[in-house]
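2 protein chains.
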Amino acid sequence: MKIGVIGGGSIGLLVARYLCENHDVTVYVRRNQQKQKLNDHGLFLSSLLTPCRVKALLTNELNEEECVIVCVKQPEVGPVLALLSNLNLNEKTPLIFLQNGMGHIELIHDSKQPVYLGIVTHGALRKSDHIVTHSGKGLIKVANFSGGGENLSTIVQQLNSKQFPFQIETNWEKVLAEKLVINAVINPLTAIFEVPNGEILRNTHLMVLAKELCRESCSILQLDFMDQWNHVQTVVTNTKENVSSMWKDLKERKKTENEAISGYLVKKTNSAIPYTTFVYNSMKALEVKKGINE
Amino acid sequence: MKIGVIGGGSIGLLVARYLCENHDVTVYVRRNQQKQKLNDHGLFLSSLLTPCRVKALLTNELNEEECVIVCVKQPEVGPVLALLSNLNLNEKTPLIFLQNGMGHIELIHDSKQPVYLGIVTHGALRKSDHIVTHSGKGLIKVANFSGGGENLSTIVQQLNSKQFPFQIETNWEKVLAEKLVINAVINPLTAIFEVPNGEILRNTHLMVLAKELCRESCSILQLDFMDQWNHVQTVVTNTKENVSSMWKDLKERKKTENEAISGYLVKKTNSAIPYTTFVYNSMKALEVKKGINE
Chain A
1 MKIGVIGGGS IGLLVARYLC ENHDVTVYVR RNQQKQKLND HGLFLSSLLT
51 PCRVKALLTN ELNEEECVIV CVKQPEVGPV LALLSNLNLN EKTPLIFLQN
101 GMGHIELIHD SKQPVYLGIV THGALRKSDH IVTHSGKGLI KVANFSGGGE
151 NLSTIVQQLN SKQFPFQIET NWEKVLAEKL VINAVINPLT AIFEVPNGEI
201 LRNTHLMVLA KELCRESCSI LQLDFMDQWN HVQTVVTNTK ENVSSMWKDL
251 KERKKTENEA ISGYLVKKTN SAIPYTTFVY NSMKALEVKK GINE
Chain B
1 MKIGVIGGGS IGLLVARYLC ENHDVTVYVR RNQQKQKLND HGLFLSSLLT
51 PCRVKALLTN ELNEEECVIV CVKQPEVGPV LALLSNLNLN EKTPLIFLQN
101 GMGHIELIHD SKQPVYLGIV THGALRKSDH IVTHSGKGLI KVANFSGGGE
151 NLSTIVQQLN SKQFPFQIET NWEKVLAEKL VINAVINPLT AIFEVPNGEI
201 LRNTHLMVLA KELCRESCSI LQLDFMDQWN HVQTVVTNTK ENVSSMWKDL
251 KERKKTENEA ISGYLVKKTN SAIPYTTFVY NSMKALEVKK GINE
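Just so you know, the protein sequences line up as chains A and B, in that order.
Read in order, the letters of the first sequence are residues 1 to 294 in our numbering.
Read in order, the letters of the second sequence are residues 1 to 294 in our numbering.
The following block holds chain A by itself, in its conformation from the complex (with noise of 0.2 Å):
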């Protein structure tokens, strides 16, 4: 299949390294300096030798494809949407998001894209422009939004493999609930507390907060705050060596994808959700303090 990745963060690379094994990928980055490494050098995964050749183009260069996966960051889907939606592809070309959070629902509500969207349970981590790391092994959660089952499954087939599995949900809304859940909790409390996510549990008043959390998402979200809880344990035991990303992005003085994540949250809601409410505005003096732009 003829397939375009949008976006050449970690999971961006790391989505194009794996399905280009068996299909025809371009990456789309935003800068030419990327672009270059990518198109002299070929995407490598740090664990093998030998580089996957995939075509690089900008995201203002975008072509016709057969699937489109945006790997983009949650604020970046409005601009990736106005770009599509200026290139007049095919209509039933379709679009898989693979977003934290849940703040671009609204606007791909407008697409006139088959749309599904997704979760990732991998971890990434981008050594540089043409190098990512697979940290830890998971899966591709999709679930049809406005594309139709069948399409979906069609696409899963292809897109599917051994080393690089993708699974159908039904339930969107579901899927990328209980994903906002994890980050909810693993995310700000990590970054706040500068541990790696395993300390969440091996802290116990770490915990105690990380149940609050996790009380006060699964309230918002209407979902079932026992299975949840175990479900982040779940996560945290996995990953208890892992980085947060957010973590991550202020060790390296980016912008961190709260306002998609406990923002969400907050903005959702009418009722006090106040530890959520206190991380949100931790993870926004912390962005301050650490001359984050705005």
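No wet-lab data here; the hints were simulated from the structure.
All clues stand as given, with none of them false.
Any copy will do: because identical chains look the same in the list, a pair fits if it lies in one copy or spans two.
Once the Cα atoms are required to be at most 20 Å apart in a straight line, the calculated PhoX-like pairs of lysine-lysine come out as: (1) K289 x K240; (2) K289 x K211; (3) K240 x K290.
Mind docking chain B on chain A? Use the hints.
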């Protein structure tokens, strides 16, 4: 007057250093090493070259004094009281307690001695066992607890000096409660976010958290929010370059006054005070992270 100052921390040394100008002061300390240092070299204020000749003894060598000023941290008040009750001090010897928090009040109820309660608004930093820096000019506010108002005014008249003012207050509960609000807002926030006091007003997101902490403390301690918030802002402004004691304790891997401050508020109420509970657990989590013993 023959004055015994119990405690060789920053406040104990500061009080002893100023009072020794006009009084016969003995500092009671826990460690033999500090006792030796003080006796051998005298007590220095770091801005002055001439030391003050105080007598130093160990706390278990306590003698009859005309006035005892207790400057240990709040969790050590219990042991100090046990020591005092074993001593058969003259029943008229007044005790002045200068602690943060309010948890020690219950213990003091049983004291046979006349008791006065005070708070310290000075900034002080212990440089070594016998050198203290006066980092912010303030005063000591004292109120009668069980010693009689007239006696207090006689004592305060003797202790008071232009360089180191003592001031009488009428309501001990209000004096301690107001100090508790200041500590419950400034101390944990500066320690968690590792910022000097002034950052609480410069970083608007920290200010959001500070206001909520202030609101919760006021509701528990039945104080007016706007009065106390103004007070917090004044203190933050006057001490903007200061490193709070909790942040300092964490840096030095020493147990903080978390239990006496936020912990006191959390335990005093059955209503939800989520912001205070959040910082209370955060401080406990940071103590664990830093390997500070329970």
